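Asker: What follows is the residue order along each chain.
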Amino acid sequence: MNAELPRRAWLRQSAAAAAGLVFGGAATAATRRAASPHRLVWQIDPDKCVQCGRCMTNCVLVPSAVKCVHNFDQCGYCRLCFGYFDPGATELTTAAENQMCPTGAIRRRFVEPPYYEYSIVEELCTGCGKCVKGCTTFGNGSLQLQILHHRCVQCNECAIARRCPAQAIHRVPVEHAHRMKSHAAGVTATWRHKEDGPAHA
Amino acid sequence: MPKRSQIWAWRWTLVLVASALVASGGQRFPKPDFRSGYTVPQYTPPAVQRTATREWLDVGLLAGGLVLAGYFALARRSRRGLWILSVASLVWFGLVRKGCVCPVGSIQNVVLGLVSPADGIPWTVAGIFLLPLVVALVAGRVFCAGVCPLGAIQDLVIFGWRPLPLWLRQFLGMIPPTYLAFAVANVAVGAGFWICRYDPFVGLFRRSGPAGLIALGWVLLLIGTVVPRPYCRFLCPYGVLLGWCSQLSRRHLTISPDQCIQCQLCEESCPFDAIRVPTPPHPDRAAARRRMVYALVLAPVWVGLGAVAGWAAADPLAAKVHPDCALAAELRAEESTGKKEQSWETRVFRASGRPLEQAEVADRDARRRLRRAWAWAGAFVGAVFAVRCIVLGRRSDLADYVPDRGQCLSCGRCFVYCPREHVRLGELDGIRGQP
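Residue numbers (our numbering), protein chains in the order written: chain A, 1097 to 1297; chain B, 3 to 437.
If you are wondering where the hints come from, they were derived from the structure by calculation, not from laboratory data.
Keep in mind that a hint or two might mislead.
What the simulated footprint calls covered on chain A by chain B, stretch by stretch (three residues with Cβ under 8 Å from a Cβ of chain B suffice, anywhere in the stretch; the number is not a length) [what the hints assert, rightly or not]:
(1) 1107 to 1121
(2) 1147 to 1157
(3) 1190 to 1201
(4) 1220 to 1227
Within a straight-line C-alpha distance of at most 30 Å, the following computed DSSO-like cross-link-like pairs (lysine-lysine) qualify [as the list claims (entries may be wrong)]:
(5) B/K341 <-> B/K322
(6) A/K1144 <-> A/K1229
(7) A/K1229 <-> B/K33
(8) B/K341 <-> A/K1144
(9) A/K1226 <-> B/K33
(10) A/K1226 <-> B/K342
(11) B/K322 <-> B/K342
(12) A/K1226 <-> B/K341
(13) B/K322 <-> B/K100
(14) A/K1144 <-> B/K322
(15) A/K1229 <-> B/K342
(16) A/K1144 <-> A/K1226
(17) A/K1229 <-> B/K341
(18) A/K1144 <-> B/K342
(19) A/K1144 <-> B/K33
As the structure is a prediction and not an experimental result, all values here were calculated from the model.
Even for Gly, the Cβ is constructed at its ideal location relative to N, Cα and C.
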């Protein structure tokens, strides 16, 4: 002990040294216990999604970072698409009153008889999930809600995840940042990213 | 155009086919065999906006900002430097990067990673949590002055101030440790990230968010014009940790560059009431000693009271705090009124076919964990209160005007008030600056 040092200063320095040791020890222990190489992002598990519509209203962004995406591989190309047509549609035409989508964000294109291709215009989609509900209930479920990661700001507590009645939104490793339904072709659980190489089974 | 009857025929066919396939859960309509040479497009998801490079860049910028803040506060003694740095931090960490994850919120990620190691703490988040604390152990709360965007936005609107009375400061000063303790407890029991949920400024940074929180942000800024930095002083849970580290810091910002001449000029320079003024020792030493004995004897009582209060508060508030308890409460209400599936939560639960008993079990389990966690949180708040009582009753041997290491945000506003500073800068000759 340095006798020159005033008592309080000495006390503080010892406390600081002790705190430093405890702090360093705790940090090391915590690192060894919990440090994770994974970077995590929020994503919807479409198998759990019940299309309640809260994705549209609860996101901190307006419009929501959640949009409908179309997994063409899984689509039946139905002429009467339950994701596209309103249940009360009078005609199977592209007229606005026949469409399920409130913003007309689904494009319908004739391919060959009797098949039609449906694609989502991302800018128009509000993530309300009405088409997803139709497609999931009566169709193949190729329309699904996903958090789009070029929009999502990665809130530390996702405001939608908190209010999701099916607890379908979790943090997932960034390598599997998008998920498609598990019964989709090839039972691939995540979408292939351009830069990722082969998707993980 | 198909006729109405045709549509109905279609619809019924599809509904029948569909309902036949509902149970199968597989692909109801086979993928068509296209004969026209049509190739099925592949959906390619958009790239993740926040790449690893960008996250590490942020950690690097945080580290760089902390070093710069330490340099401006301790070596250069430059309020202007700190101000420019804080504005730059506000622009980058606030307006460009839009908030998450910040050191304040990272407390919760760390707790979550510790209670459930499966979730883990990403390295970048660990860095963001630890860097300001490590720097505070070396140089004080320079993070608050120079790098924190929440602090910077409040600092910019400071218009005027007058000292708050000690009792009010002590009273409001109990809020941050309480907030910290209960936020940590809530993360530990799976009740969400309350610090982020009620972050008043992140909505302003993003220019979007729940209207109530954005309004709260503006209200705090408005209050902050006359009661400077209200969030930092009377809410910020990370400030509690920074304050502890700063109390023990190796070096700290000083008001005078060399020695205090007790001129009292700095006394009202601090907007945050963080300057400790020399006070004569209590005239009645026996009374002071008695008070100290009371404070020491009562310390365990405060801890116990806090624990009991936390324990007692958990049950009545459980349904508002924990999602499992909220679900069970809703289900019970539905059972008693007979109106089923009143909310999406209960609809999903009933559709899953799980027995009601399961919700009750989850509710009881969550309540048990919440009671225990809140009891610990309450005990912690009691302990903080007890320590404050002891510190308040401590005999002061302070001769100089010094920053209160726990409260001082190292903003450097006091520098210019000190005559010795002007001597250092060569604007005043040494004789007039001497006592």
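Asker: Flag every earlier hint the structure violates by its number, smallest first.
Answerer: Numbers 3, 4, in rising order.
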